[in-house]
Structure formats: C-alpha cells, structure tokens
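Sequences listed follow chains A and B, in order. Under this note's numbering, the residues of the first sequence are numbered 782 to 1372, in order. Under this note's numbering, the residues of the second sequence are numbered 2 to 176, in order.
Accuracy of the hints is not assured; some may be wrong.
Said to hold, decoys possible - Taking lysine-lysine and the PhoX-like style, the derived pairs with C-alpha atoms no more than 20 Å apart in a straight line are: (1) A:855 - B:171; (2) B:170 - A:855; (3) A:1128 - A:1050; (4) A:1187 - A:1096; (5) A:855 - B:169.
I should point out that these hints are in silico values taken from the structure, not numbers from a laboratory. These numbers come from a predicted model, not from an experiment.
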Amino acid sequence: MMNLKDILSPFSAWRNLLKEPVTIKDPLTERPGAPRYRGFHKNDIEKCIGCGTCETICENEAIDLVAVANVDTKNGDSGLRPLVDYGRCCWCALCVDVCTTGSLTMSNEYTWVSNDPEDFRYIPGVDKKEWDNNDLGWKKPDYTLIPTERMDMEEMEPSEREGTFLEIVRGYSRAQAEKEADRCTECGLCVATCPAHMDIPGYIRAVREGDMEEGLRLLYETNPLPEICGRVCTHRCEEVCAVGHSGDPLAIRWLKRYIADQVPFEEYKRILGITSIEENGKKVGIIGAGPSGLSAAYYLRIRGFEVTIYEAKSKGGGMTMYGIPKYRLPMNMLESEIGFLEEIGVKFVYETRVGEDISFDEIYKKHDAVFVGIGFEKPYKINIKGEEQKGALQAISFLDDINKGKKVDIGKKVAIVGGGNVAMDAARVARRLGAEVYMLYRRRVEDMPADSEEIHGAYEEGVQIIPQTIPVEIIGEGGKVKSIQYLMAEMVPDEKGGRPKPVPIEGSEQVLEIDTLIGAIGQEADYGFLPQEYLDKIETNRGRMLVDNNNKTTLDKVYAGGDAVNKTADAISAIADGHRAADAIERMLLV
Amino acid sequence: MKEIINNIQEKFKISEVTEQRENQYFISVEKKDTIQLVTYLKDIEKFTNFILLTAVDWIEKGQFQLTYMLNHPSKKLDIGVRTFIERENATMDSAHHLWEHVATFQRELKEMFGIDFPGSPRVDEPFLLEGWDNIPPMRRDFDTKKYSEETYFPRPGRSTNDPAEHMKKKLYPNE
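Can you make the complete structure from the sequences, with help from the hints?
Shown next, in the form of structure tokens:
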C-alpha cells in the first residue's frame, strides 16, 4: 500500500539545491583537519622546560628527550626537548594533556608526506615545520591530569597566635600526604636546584607508596637533618617545580616533614643501617654545631671517623636552635636530631668557645682535619645616632634570649629595621609578646629578601610593614629609646642595571614613637677565634671564607661551610656544605 | 523500564540492578540462568536488537565478567545482562542461536580472553591474530610491554635522557 508521503518525499531533496554544500569542493588538494584535530605536534621551545612528563606518559614510547642547541641547562630547565617518532605516535594527545607548562600542542595538520622515513622523527618547535604557526589543532584541555591545587596545610588561626609559641603548621595526615604526593610527576627538575641535591622524586614516591623507612633512607642520603628542613627549609626546589607552571607547586617541604614525623627516632639506627660503625682511626674536629657542622659530623661519623664538635653555646643546632622561633621549629625536634647524632657516637663539647676556652691551634694539631661552621653570629649595626641606648636591640640576641626562655621587656610598640627572614622572625615574635609591631624596610615589599610565606605570615599576624624608609636617628629620653626618626625614600633605577636604589626624599621626615627598636639588617662572621698566623692563611672575601668546590679553605686540612661560606645563607646550603666537606675529608684521609 | 525490571525479578534470581540512566539498566544474574534470561528478554520483552557481548578480566577474583548488551528498538531502552564465570577453563553457553552475529563476538572472546563457547560456529578460527602463539592478549596476566620487547626490535640510533641525570651532568658533575 502506498501513501502520498512516499510519493512526495523524493522531491523534498530538491529544496537543498540552492544551499551551500557542506562538503569540500576539492578534496584532493584541500583537506583541512577539524579545528580540534590531533595532527603533528608543535612545541613552544621558550615555554618548555624539558621535564619529560610527555615522554613518561607516552604509552608507545614515541618520545625521546634530547639535548638541543641554543637551549641551556639551567635551574628549572633541563635543556632537553621532546623528539617525536611518528612511526610510534598514535596521536592520542596524552602528552599534550599532561604537559606541565602547556608548551606542547598539536596542529590540525595531518597530510604531510615525505619519501624519507627519517623525516618523521623530529623535535617540534626546533625543527621548523610549516604548521608551527597554525592556530588550530589540539591544545591542553580545560581539565587537567595533574591536580593544580596543593593539599591545604592546616595552620593555627592568626588570631590564636598572640601569646603562644606553639608550632603554627600542623602537618599532613597520611591521606593528605599521599594525595599531595600523587601530584608529583617525578620529573626531577627540582634535584639540581636543591643545594643538597636531595632525591626529591624518590622520597615523594616513598610517601605515595606509604614506605616511610625507604623515605627516611632517601632523606638521610643527602640530608641528616630532615626534621629541621621539613619545617624551615627555604624550599627553592618548589620554585622550579614543573607542576608549579600550571598550578601550585608540590608541597615538597611538607612531604619531607611528613616522612620525618612518621618515623620514631628510636628506629633511625635500624632503618639507616648504622647498627655498628667500624672505626677508621682518623679524627676530625668541628667548630660550631650548626647545620653545616652537624651534617659534616653525621657523614664523617657513619664512615668511621672520630668526630668532636666544639660549640660555644649550651646546645647544638646553631641558628636553627637560637635564631629560628619555636613556632616554626619546635625545640624537641632539634634536640632529637642532635640526640641521634650523639647516639651514633658524635662527641659534643658544649659551652666551649674556640679561641677562649680552647685554642684553635690545639684543635688544628689534635685532629687530622678540621671543619669550620661558625655561621654569622655578629650582627651589623644600623649605624645611626642613638643606637647605644637602652631599648635598642639586635634581632639575633633578642631571638636567642626568647628561645632560651628569658623574659624580654619590649614594651607596647616595637620597630624592626630590616626585611629579611631574621627581621620577620623578630617581628612575629614581638607580636606574640603582645606588642604593636612596625617594620621599616629601605626598599619595596617585593624587594624583601624574606620568604614570601614569612611576609604573608607577618601580615596575617598584624605586623605593619612600612616600606621605603630610611632610619636617621633613634631619639631617646633619659638613655632610653623613645622614638625613631626616618625618611621616606623613592626608588631610583640603577644605571648599572642592578636593582633600584632607595634614595631619601628631602623633607619627608617622620617620627614613630616606640618602646623598643630591633635591628635586623644582617650579620657577619666573627674570626676573632683565629690566631694571626692562621688568619693570614685563611683567605676571606667580604667576610666569607674562600673555599674550593670541595669546601676546603686556603689553609691545609681545614674545611668550612654554612653561612660563613655561602651567600644563600640557609640551612639546606649549610647541610650540603657539610656533606661535600665530609666527602672531601674522606678522600683526603683515606684514599 | 521499571515495569520490565519487575517482570524479570519475578521470574529470575537477579543479584544486582543498576540504573545507569533512565533508559539503561544493568542486571546481574548467575551463569546458569544467563542464556535463559537473554532469551526471555528477546522473545518476551522484545529486546530484539543484540548490541554486543564483552568480557572483563577480574584476575584477582579468578573470574571473567560477561556482559550481553541488548536494545529495545521501539521503546529505545538498553539492558545489560552481567554474569561471572570461572577464569580457569573458562566456558560459556553459546547464544548464537538467538542472533547469528553473536558467533562473531564469541569468536573474538575466544581469541582475546580464551573463553570457549562450545558449538559456536568457527569459534576456534583466528579472529584478528593470525599465528598467535601466546596467552590470549586481553588477559591481564599478558604483559604487553614484555611481549613487544621480545617480539619487535627498537629503532636503531634512538637514545633519551633523564632530565635529573642530564642536569647533574651539566650543572654539578662533581658532586
């Protein structure tokens, strides 16, 4: 049976006669891919950091990382770039989706033909192709294969912090740590930036796999003070983290802390395999029980050296013990780590200042090698009028007193001069003592040498930062600080290309009423302990001892490390110095 | 769809019902009832269109999961019938008598998973893998990477660099 519709419907096709065709007119020459087609790769060479995550994710092993002319290996960039083998590529675009910087994309070009099969192996972005500027194709999608947000760290509320020195940061739980560790692509770009070259991808893997003992072993391979570094490290590794290019960098420091917090100190000897040490009969003396000295002591001791540390103060840890406030690094952490060193046989001679209680000459002659890790103990003066009055303090001694548990009366209003981490510590400690705190800094906030999280913490806790200020005079009354006079400064670009310089603005005097002034504009080393005959032999430059790449000074069998040697002036650099020196001392004495 | 599910539950022992979408359900049934249920769905409930038959290797449980996907053309409904069979000497009753092309799916499963369907036409003939000499490749204990490394050869002259190692070589070779 036929109905009318069946008869008419063939004619309905005619209504399309005048419409624009959707097909391509000349399909043999013009064959554009769809706008989001996954064709030959493009790579923005400037943006690419050579992390190799594309290579790792490629199921077909189609990608090799190769060195490329004109791209240098530097901090945060391996200098390698991906080479794609199109004999293996299946165009799945996982490499594009996972790319940490978003530099790797795909054009929609797919019709390229060549008679030479070798042509189909090339380095996108380096070997120029005609589709390099083709905007169409596949780009990193909106979703991401690597979570961009860092696991939040629980912290004490800023409002609760006044009057307490309890640790602010609470630490990760197991679930949080594993989730954070899961964001790591194990590219290892961070290893070169870490002064101690810690195996960061390795210990993060250990967190992910829940193997804390392996994690601890990896930490101790390059860093015998992980409890300290897990809390106060300057974490320059996080600045170059590949994942940080399109989200928050990995919380490397918190993951290190997580490992160190999980393993009880009593287990360390067993886990690290230091149950017995074979003595080698050589003696090393170490001056200063700061991070560099402790690090050298650990690596020397486990290799059988007899190690004695001479420390002027009554406890070890150096600046981490006496300088860093306890809300950042609780004292028991330090004491346990030092206790572990004692347990494996490092001898500590406390309250013995070299140059006073024992001569350097004696130490030099008694030992086969000497390591000097004296740090920067002597604060710079601000060098303005009125600094000698009561109520004008130095941050270093202020922090030292607080950490020792002494009561320091700072009154109600405090001004800190400086903008580094020591200044931040002093300011935040003063806030905890209940004072109103002003911070005077010569340059802008963005020029401050302090870590950004310290600046952030100071703001959170109500420290008032007054940038671009130059102190002129401390005005006193009856020999006691009453106010500080300062000039405002303008930033003048440096003609030599350095950072802009603060230049005082005439007539911009301001006066701030204060009870206490705390100077924190830097410290220097005190070489008073060295007799002249040694002083002549140990060369220094701008207050720092000159060392070679084994951390050996210009004096025979004397090595040095820490703040008195390197400019970075952080714990992790000091630890690296100690390790390097230990290696070199071993080579010198045993090989 | 709810009504159909109720009908099925009255007649068969269904262990699990999953509503994937309003018009797509999955039901789980024991191995011995599976073909009977599929026959019922085709002949009585009129799921006359057979879409696919597929398997999942649950190696930890020692089982394969089979899924028969059926479609009701006029009501536009999908139903998936799931069942578990033993992994060891895996065998399942054939359903080729219900739809001729089921035989092709069964032949594929024989080759890829090693599940036998006795009586299914040409079930022992190679489907894709001519001259295959290993365990069925879709079984999870088949190591694809190892097989490809043993069977094929890498392109000569290829080399790659580990970023961390390369940076060590370039930036701090002596440490």
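Hint-by-hint comparison with the structure:
no.: 1; hint: A:855 - B:171; in the structure: holds, 9 Å
no.: 2; hint: B:170 - A:855; in the structure: holds, 12 Å
no.: 3; hint: A:1128 - A:1050; in the structure: holds, 17 Å
no.: 4; hint: A:1187 - A:1096; in the structure: holds, 15 Å
no.: 5; hint: A:855 - B:169; in the structure: holds, 10 Å
Every hint from the earlier list agrees with this structure, and none is contradicted.
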